[in-house]
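Engineer: Protein chains in written order, with numbering that gives the first Met the number 0: chain A, 0 to 280; chain B, 0 to 280; chain C, 0 to 280; chain D, 0 to 280.
If you are wondering where the hints come from, they were derived from the structure by calculation, not from laboratory data. Quick caveat, the model's predicted, so the values are computed rather than measured. Honestly, I wouldn't trust all of these hints.
Said to hold, decoys possible - Derived lysine to aspartate or glutamate pairs resembling DMTMM-like cross-links, with alpha carbons at most 25 Å apart: (1) A:Lys-169 with A:Glu-38; (2) D:Lys-244 with B:Glu-268; (3) C:Lys-29 with A:Asp-267; (4) C:Lys-52 with A:Glu-97; (5) D:Lys-29 with B:Glu-268; (6) A:Lys-169 with D:Asp-257; (7) B:Lys-52 with D:Glu-102; (8) A:Lys-6 with C:Glu-145; (9) C:Lys-244 with A:Glu-97; (10) B:Lys-244 with C:Glu-145; (11) D:Lys-169 with B:Glu-38; (12) C:Lys-244 with A:Asp-267.
Stated by the list, open to error - Sample of chain A residues lacking proximity to chain C, with all beta carbon distances greater than 10 Å (derived): (13) Phe-157; (14) Thr-167; (15) Ser-179; (16) Asn-194; (17) Pro-269.
Each residue gets a CB set at the ideal place from its N, CA and C atoms; glycine is no exception.
4 protein chains.
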Amino acid sequence: MGIRLGKNSYGKSCVRLLRVGRQEARHDIKELTLEIRFEGDFETAHTTGDNRKILPTDTMKNTVYVLARQHPFEPSEDFSRRLIQHFLAHNPQVQRVEIDAAEDLWARIPCGGSPHASAFTRAGEEKRTAMLDATRDGIAIRAGIENLIVLKTTKSAFQGFLRDRYTTLKEDQNRILSTSIQADWLYDGSAIEFNRVWDGVRRTLLETFAEHDSLSLQHTLYAMGEAVLHSFEPIREIHLSLPNKHYNLVNLSTFETDNPSEVFLPTDEPHGLIEATVERD
Amino acid sequence: MGIRLGKNSYGKSCVRLLRVGRQEARHDIKELTLEIRFEGDFETAHTTGDNRKILPTDTMKNTVYVLARQHPFEPSEDFSRRLIQHFLAHNPQVQRVEIDAAEDLWARIPCGGSPHASAFTRAGEEKRTAMLDATRDGIAIRAGIENLIVLKTTKSAFQGFLRDRYTTLKEDQNRILSTSIQADWLYDGSAIEFNRVWDGVRRTLLETFAEHDSLSLQHTLYAMGEAVLHSFEPIREIHLSLPNKHYNLVNLSTFETDNPSEVFLPTDEPHGLIEATVERD
Amino acid sequence: MGIRLGKNSYGKSCVRLLRVGRQEARHDIKELTLEIRFEGDFETAHTTGDNRKILPTDTMKNTVYVLARQHPFEPSEDFSRRLIQHFLAHNPQVQRVEIDAAEDLWARIPCGGSPHASAFTRAGEEKRTAMLDATRDGIAIRAGIENLIVLKTTKSAFQGFLRDRYTTLKEDQNRILSTSIQADWLYDGSAIEFNRVWDGVRRTLLETFAEHDSLSLQHTLYAMGEAVLHSFEPIREIHLSLPNKHYNLVNLSTFETDNPSEVFLPTDEPHGLIEATVERD
Amino acid sequence: MGIRLGKNSYGKSCVRLLRVGRQEARHDIKELTLEIRFEGDFETAHTTGDNRKILPTDTMKNTVYVLARQHPFEPSEDFSRRLIQHFLAHNPQVQRVEIDAAEDLWARIPCGGSPHASAFTRAGEEKRTAMLDATRDGIAIRAGIENLIVLKTTKSAFQGFLRDRYTTLKEDQNRILSTSIQADWLYDGSAIEFNRVWDGVRRTLLETFAEHDSLSLQHTLYAMGEAVLHSFEPIREIHLSLPNKHYNLVNLSTFETDNPSEVFLPTDEPHGLIEATVERD
Chain A
0 MGIRLGKNSY GKSCVRLLRV GRQEARHDIK ELTLEIRFEG DFETAHTTGD NRKILPTDTM
60 KNTVYVLARQ HPFEPSEDFS RRLIQHFLAH NPQVQRVEID AAEDLWARIP CGGSPHASAF
120 TRAGEEKRTA MLDATRDGIA IRAGIENLIV LKTTKSAFQG FLRDRYTTLK EDQNRILSTS
180 IQADWLYDGS AIEFNRVWDG VRRTLLETFA EHDSLSLQHT LYAMGEAVLH SFEPIREIHL
240 SLPNKHYNLV NLSTFETDNP SEVFLPTDEP HGLIEATVER D
Chain B
0 MGIRLGKNSY GKSCVRLLRV GRQEARHDIK ELTLEIRFEG DFETAHTTGD NRKILPTDTM
60 KNTVYVLARQ HPFEPSEDFS RRLIQHFLAH NPQVQRVEID AAEDLWARIP CGGSPHASAF
120 TRAGEEKRTA MLDATRDGIA IRAGIENLIV LKTTKSAFQG FLRDRYTTLK EDQNRILSTS
180 IQADWLYDGS AIEFNRVWDG VRRTLLETFA EHDSLSLQHT LYAMGEAVLH SFEPIREIHL
240 SLPNKHYNLV NLSTFETDNP SEVFLPTDEP HGLIEATVER D
Chain C
0 MGIRLGKNSY GKSCVRLLRV GRQEARHDIK ELTLEIRFEG DFETAHTTGD NRKILPTDTM
60 KNTVYVLARQ HPFEPSEDFS RRLIQHFLAH NPQVQRVEID AAEDLWARIP CGGSPHASAF
120 TRAGEEKRTA MLDATRDGIA IRAGIENLIV LKTTKSAFQG FLRDRYTTLK EDQNRILSTS
180 IQADWLYDGS AIEFNRVWDG VRRTLLETFA EHDSLSLQHT LYAMGEAVLH SFEPIREIHL
240 SLPNKHYNLV NLSTFETDNP SEVFLPTDEP HGLIEATVER D
Chain D
0 MGIRLGKNSY GKSCVRLLRV GRQEARHDIK ELTLEIRFEG DFETAHTTGD NRKILPTDTM
60 KNTVYVLARQ HPFEPSEDFS RRLIQHFLAH NPQVQRVEID AAEDLWARIP CGGSPHASAF
120 TRAGEEKRTA MLDATRDGIA IRAGIENLIV LKTTKSAFQG FLRDRYTTLK EDQNRILSTS
180 IQADWLYDGS AIEFNRVWDG VRRTLLETFA EHDSLSLQHT LYAMGEAVLH SFEPIREIHL
240 SLPNKHYNLV NLSTFETDNP SEVFLPTDEP HGLIEATVER D
């Protein structure tokens with residue numbers, strides 16, 4: 000019985016860049032971190048150390064910087080697609096290129112009431128993501144959000160669940176619900192207005208989280224996914240990964256003190272994790 | 000020559016809590032992480048293992064939760080001071096109590112154009128801090144900001160610096176300037192409106208960073224400190240610690256491509272670090 | 000066109016425990032962090048908020064602690080399998096259970112030349128992992144290593160690679176090679192001596208990395224995978240994910256100083272990433 | 000009342016380097032991360048943006064690499080001292096130079112029973128540190144250890160402590176004791192064998208932690224400090240900062256299961272923190 004190479008890829012991670020657009024009256028900035036991966040005809044590179052088909056990952060990095068200067072950089076989905084086209088056009092040994100792009104979000108500093116033309120502050124821990132997966136036969140484009148942390152203080156219950164002999168959790172009619180939204184969605188079709196849709200999905204996710212009468216985090220996840228699919232035609236499916244960031248009511252009865260849903264202990268460990276795809280039929 | 004105990008302290012770190020204020024029409028939340036340290040008569044605890052004067056750190060934690068329920072929780076400076084008063088009043092063996100409080104900032108989710116009454120999103124990586132240091136003779140109160148990340152694309156130069164034989168850095172008339180603001184300031188007097196002043200200091204730091212004609216990060220640091228002291232009478236001194244988060248212009252000349260201050264490489268390592276206190280005479 | 004629930008799961012992450020085995024003359028410890036995921040009949044939980052088939056993630060956590068007391072805890076693969084059997088036996092609504100276990104490694108503190116019976120030091124950043132994926136029809140067991148950082152100062156070249164107009168990387172006959180080994184392998188058969196094999200795979204990976212005449216990281220990855228498959232019959236395939244942690248030779252020629260492969264700059268960003276599965280035919 | 004510059008400094012952080020020593024039969028490596036800070040005559044740099052006395056932090060970095068090539072790199076204390084001498088000799092505007100050095104520890108990979116000549120594995124999360132603080136009048140040298148994680152399963156009690164109305168902690172005759180040792184000590188005199196003493200201090204800290212009959216973490220901290228001062232004449236004082244990494248016994252009585260000190264829940268938040276200096280009279 001022999002041994003052989005199975006599925007394999009190589010690429011460059013953490014390629015960071017800031018692109019400054021300098022108009023007369025206003026500067027725009029965009030900060031991205033890219034990950035690029037190639038699949039292709041790389042068997043002898045592994046088995047015999049033949050590097051003739053290996054474009055160095057250092058070259059991938061250089062290519063990012065050159066193309067970021069020569070081509071529009073906005074939105075990330077278009078820039079990433081152009082990178083992919085470049086790599087596929089010049090590298091016959093490559094069969095598939097994947098690019099993940101994560102954008103750090105910046106907001107203009109308010110100065111004397113109006114947004115500053117050239118000074119910015121980081122808008123949060125949240126990232127806007129794009130994930131492209133392309134062969135010479137086609138391309139799949141996903142966009143997403145990572146690390147959008149939310150919390151609500153009412154309209155969240157968890158009751159009527161299955162109990163076994165190891166169940167001690169109490170029914171809760173009005174618990175704190177908090178999560179860090181990680182979402183990504185698959186686009187259908189080609190003439191997408193990526194920036195407009197992304198803003199809309201983000202707003203829909205936040206509003207649905209806020210307004211939903213939650214019976215569980217699964218229930219709210221589904222409502223969020225459904226609302227996105229209802230509102231945005233070019234999205235075929237959305238995947239949500241939602242940690243249940245528990246805020247436990249502190250029991251103060253030992254100290255002859257009541258605690259009517261006021262003082263909570265935030266915890267990171269352990270945490271629930273709810274994941275699902277909501278899709279069109 | 001003998002051996003003895005020198006300066007020592009003990010306490011509890013990472014005491015986390017969320018406090019929910021439930022008014023009819025609106026909920027308010029505040030999330031804090033506290034660190035509590037005691038200094039006092041603890042020599043025999045170290046040298047002979049005599050624990051009779053050691054209030055357990057677990058008790059410090061319980062005390063935080065009970066007092067958070069019984070007393071106003073806003074602002075952090077007042078709540079921390081009340082904790083200190085409690086510990087000093089009940090623990091004659093304690094000579095000094097220090098409390099550091101770090102607040103995670105939450106903003107209301109906008110829903111249909113107006114801020115939601117009970118749903119929130121994390122406002123960023125930034126933290127509002129308070130540091131209290133008290134003995135039975137007095138208390139020093141500092142407030143601060145951590146991790147407020149900013150960047151400007153113009154009005155920043157670094158020129159005319161000292162050169163030696165290991166200097167290769169080029170003069171730069173118009174570089175990117177970026178830092179993560181860590182500031183803390185000492186209050187003078189007792190009737191401070193902590194929330195109002197904090198908001199004002201934050202705004203002043205941001206506006207000064209944005210507007211300053213920077214000749215170096217030292218130069219901008221001083222301008223930021225000076226602006227705060229000019230505007231806020233109850234602040235005696237302010238300490239600023241500013242990493243110089245370098246964004247290096249990528250050299251594309253090898254690829255016959257120019258780069259007129261458009262494509263930059265963000266780096267975390269190594270980084271400059273500028274620290275100074277600006278104080279009243 | 001309707002909207003429906005696609006693939007979904009829920010579970011508990013970061014369930015941490017330390018198990019102490021107390022023999023007369025010697026204590027043994029094992030520290031694990033578990034992640035548990037269920038797939039099954041959870042559609043109405045999402046669509047209508049019906050929790051009757053939802054065993055709380057809090058119960059999953061309790062079950063871990065009870066079973067860790069009642070059953071042997073060593074090796075992780077057996078303990079995780081027992082957890083899975085418990086969950087499948089008592090939860091007809093569950094179709095699949097996945098468990099990931101990550102072990103923090105502890106070594107005995109050497110005291111007067113011999114290993115201490117009950118005092119330990121953390122053996123490194125490295126983790127031993129196990130990943131079980133089970134339905135009522137069968138179980139797949141993978142074991143692995145994460146974060147095993149290695150470096151070699153010779154027998155590593157990278158030459159003869161593909162060049163395009165954006166390639167500036169120099170051929171290197173003798174570079175530093177460093178990576179953080181992440182490996183996981185699939186077991187075949189049922190009577191595996193998990194501890195013995197894991198120790199053997201780890202040793203084989205380290206020795207192959209050390210001894211291999213590397214023409215690229217792909218080349219070394221394949222050699223490592225091949226060596227493992229040669230030596231360990233019960234392993235059907237091994238997946239390796241190896242970041243190329245670049246150590247760049249510092250150019251000192253500007254300072255009239257040579258640098259014959261002596262002073263290097265370690266960098267984390269950007270980094271190469273090489274991934275492949277090596278498998279039996 | 001005017002405003003003025005108070006205490007200030009500037010420098011370079013996260014200057015990383017690997018130094019390879021290439022003997023015929025054996026390579027040695029040493030990986031350091033340095034932080035350099037200057038204090039001096041920098042008032043006008045802050046107040047007027049006059050950079051004529053500012054040696055760029057980029058030059059500090061270059062200097063590290065050049066001197067690492069030209070001079071012995073071992074031990075860190077000597078290399079750091081040489082850097083300081085260089086900076087003080089060439090920069091009359093500088094009054095004080097501080098250097099912190101943190102060493103990542105590497106061990107040789109065992110191959111066929113013996114340590115490999117040129118292949119290494121990271122020895123753990125632990126770092127060896129050195130902190131030098133120098134003016135033209137003298138130098139203070141501290142060495143230290145960070146992140147040396149230890150745990151013992153017996154010979155640790157915490158009893159007889161102070162109780163107030165918020166105390167719920169139970170007396171514990173035999174708890175798990177775990178901490179992450181952070182130690183630094185001040186040297187006295189000039190002809191120190193830095194490597195030999197560091198190895199000895201590390202061994203003494205570990206053995207004392209393992210063997211001590213602990214009545215509290217304070218008690219063990221003092222024993223560790225005392226043991227170091229007893230054994231190492233050139234150390235004038237040692238500072239220890241020890242988080243109390245709690246491992247809580249899981250209460251299984253709800254499930255009709257006993258737990259005789261076998262199953263514990265490791266927690267990071269909150270944690271105790273014990274700090275003290277042990278010094279010569």
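Engineer: None of the hints should be skipped; say for each whether it holds.
Structural biologist: Hints versus structure:
Distance check on the hinted pair: Lys-169 (chain A) and Glu-38 (chain A) sit about 50 Å apart at the alpha-carbon level, beyond 25 Å; violated. For the hint linking Lys-244 (chain D) to Glu-268 (chain B), the alpha-carbon distance of about 30 Å lies beyond 25 Å, and the restraint is violated. Pair hint Lys-29 (chain C) plus Asp-267 (chain A) holds up; C-alpha atoms about 22 Å apart against a cutoff of 25 Å. In summary, the hint linking Lys-52 (chain C) to Glu-97 (chain A) is not supported, as the alpha carbons are separated by about 38 Å, beyond the 25 Å threshold.
At roughly 19 Å between alpha-carbon atoms, Lys-29 (chain D) and Glu-268 (chain B) fall within 25 Å of each other, so this suggested pair holds. The suggested pairing of Lys-169 (chain A) with Asp-257 (chain D) holds, with an alpha-carbon distance near 23 Å, which does not exceed 25 Å. Of the supplied pair hints, the one linking Lys-52 (chain B) and Glu-102 (chain D) is violated, its CA atoms being roughly 39 Å apart against a limit of 25 Å. For the hint pairing Lys-6 (chain A) with Glu-145 (chain C), the CA-to-CA distance comes to about 20 Å; that is within 25 Å, so the pair holds.
Our distance criterion of 25 Å between C-alpha atoms is met by Lys-244 (chain C) and Glu-97 (chain A), whose separation comes to about 21 Å. Of the supplied pair hints, the one linking Lys-244 (chain B) and Glu-145 (chain C) is violated, its CA atoms being roughly 31 Å apart against a limit of 25 Å. For a cut-off of 25 Å, the pair hint linking Lys-169 (chain D) to Glu-38 (chain B) stands: about 23 Å separates their Cα positions. Annotation: proposed proximity of Lys-244 (chain C) to Asp-267 (chain A) is violated, straight-line Cα distance about 30 Å (limit 25 Å).
With a cut of 10 Å on Cβ distances, Phe-157 (chain A) falls inside the contact zone with chain C, its closest approach being about 7 Å. Residue-level check failed: Thr-167 (chain A) sits 6 Å from the nearest beta carbon of chain C, not beyond 10 Å. With a least CB separation of 12 Å from chain C, Ser-179 (chain A) remains clear of the 10 Å interface cut-off, as annotated. Under the 10 Å C-beta cut-off, the non-interface status given to Asn-194 (chain A) relative to chain C holds; the minimum distance is some 25 Å.
Not every Cβ of chain C is farther than 10 Å from the Cβ of Pro-269 (chain A); the closest lies at roughly 5 Å, contradicting the non-interface assignment.
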